[in-house]
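Engineer: My numbering puts the first residue of the sequence shown at 20, with every later residue one more than the last.
Incorrect hints may appear among the rest.
Pairwise CB distance ranges, derived in the manner of DEER restraints [said to hold, decoys possible]: (1) F151 / N93: 42 to 50 Å; (2) I118 / T34: 22 to 30 Å; (3) Q142 / E27: 23 to 31 Å; (4) N110 / L24: 13 to 21 Å; (5) T34 / A140: 24 to 32 Å; (6) T102 / L73: 16 to 24 Å; (7) K36 / A154: 43 to 51 Å; (8) E152 / K36: 41 to 49 Å; (9) T136 / K36: 18 to 26 Å; (10) K36 / D74: 40 to 48 Å.
In the DSBU-like style, the derived pairs of lysine-lysine whose C-alpha atoms are separated by at most 30 Å in a straight line are [unchecked claim]: (11) K141 / K125; (12) K76 / K125; (13) K105 / K76; (14) K125 / K97; (15) K125 / K145; (16) K105 / K115; (17) K115 / K97; (18) K105 / K119; (19) K97 / K36; (20) K115 / K76; (21) K115 / K36; (22) K125 / K105.
Since the hints were derived computationally from the structure, they do not count as laboratory data.
Glycine included, C-beta positions come from ideal geometry on N, C-alpha and C.
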Amino acid sequence: EELNLLIEEFEVFDTNKDEHISWEEFLAHAHQSKVMRDQNKGQRSLSEERDMRLDFKMADQDHDDSLDWWEFLNHQAKVILATRSKEELVNLLTEKEVIKCRTLFKTMDTDHDGIVTILEAKQAVKKWCERFENASIS
């Protein structure tokens, strides 16, 4: 259902139907959405436009000043996931992913107190990087 909505949204953004969303198309659609949502017919502020430009640039992974379907999908998925509660996100995981997460947590929780501190997280990342570096040297 969400995927179908994203497909429809991409088609609405892509007004010239070239399979890419230009900055101008993005800006026009984002402004229309905001006007409809807020019922505010006034001009957008410079900070709103700056935020929208930053949002667009973050989505534009290949820096060609347009969004293809995958860039759009990736960005919108992040936006959607950011609105979800922790419980909703956990419910999206498969049983195998939950087991992997628990195993990773237990590995990082070196003092077995049920909490991963910043120090424990940093140590885990350091160990992971060392293993990665050693593997690439071999």
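Engineer: If a hint holds in the structure, say so; if it does not, say that too.
Structural biologist: These are the hints, each one checked on the structure:
For F151 and N93, the Cβ-Cβ distance of about 24 Å falls outside the hinted range of 42 to 50 Å, so the restraint is violated. I118 and T34 have their C-beta atoms about 46 Å apart, which leaves the hinted 22 to 30 Å range violated. The hint said 23 to 31 Å for the Cβ distance between Q142 and E27, and at roughly 46 Å that hint is violated. Taking 13 to 21 Å as the suggested C-beta distance range, the pair N110 and L24 conforms, at roughly 19 Å.
Here the CB-CB span from T34 to A140 is close to 45 Å, at odds with the stated 24 to 32 Å. One distance hint, 16 to 24 Å for the beta-carbon pair T102 and L73, holds here, with the actual separation near 19 Å. For K36 and A154, the Cβ-Cβ distance of about 46 Å falls inside the hinted range of 43 to 51 Å, so the restraint holds. Between E152 and K36 the C-beta distance comes to about 47 Å, which sits within the given range of 41 to 49 Å.
Distance hint for T136 and K36: a CB-CB separation of about 52 Å, inconsistent with the stated range 18 to 26 Å. A C-beta distance of roughly 23 Å is found between K36 and D74, which places it outside the suggested range of 40 to 48 Å. A threshold of 30 Å between alpha carbons decides the hint, and for K141 with K125 the separation of about 15 Å falls inside it, so the pair holds. The suggested pairing of K76 with K125 is violated, with an alpha-carbon distance near 37 Å, which exceeds 30 Å.
Using a Cα cut-off of 30 Å, the hinted pair K105 and K76 holds, with the two alpha carbons roughly 27 Å apart. This hinted pair checks out: K125 and K97 have alpha carbons roughly 27 Å apart, not beyond 30 Å. Under the criterion of a C-alpha separation no larger than 30 Å, the hint pairing K125 with K145 is consistent with the structure, at around 16 Å. About 18 Å separates the Cα atoms of K105 and K115, which keeps this hinted pair within 30 Å; it holds.
As the CA atoms of K115 and K97 are separated by approximately 22 Å, the hinted pair is consistent with the 30 Å bound. Taking the CA atoms of K105 and K119, the gap is near 17 Å; set against the 30 Å cutoff, the hint holds. In summary, the hint linking K97 to K36 is supported, as the alpha carbons are separated by about 24 Å, within the 30 Å threshold. Only pairs whose Cα atoms come within 30 Å are accepted, and K115 paired with K76 is rejected, the gap being roughly 35 Å.
Straight-line distance between C-alpha atoms of K115 and K36 comes to about 40 Å, which puts the hinted pair past the 30 Å bound. For the hint linking K125 to K105, the alpha-carbon distance of about 19 Å falls within 30 Å, and the restraint holds.
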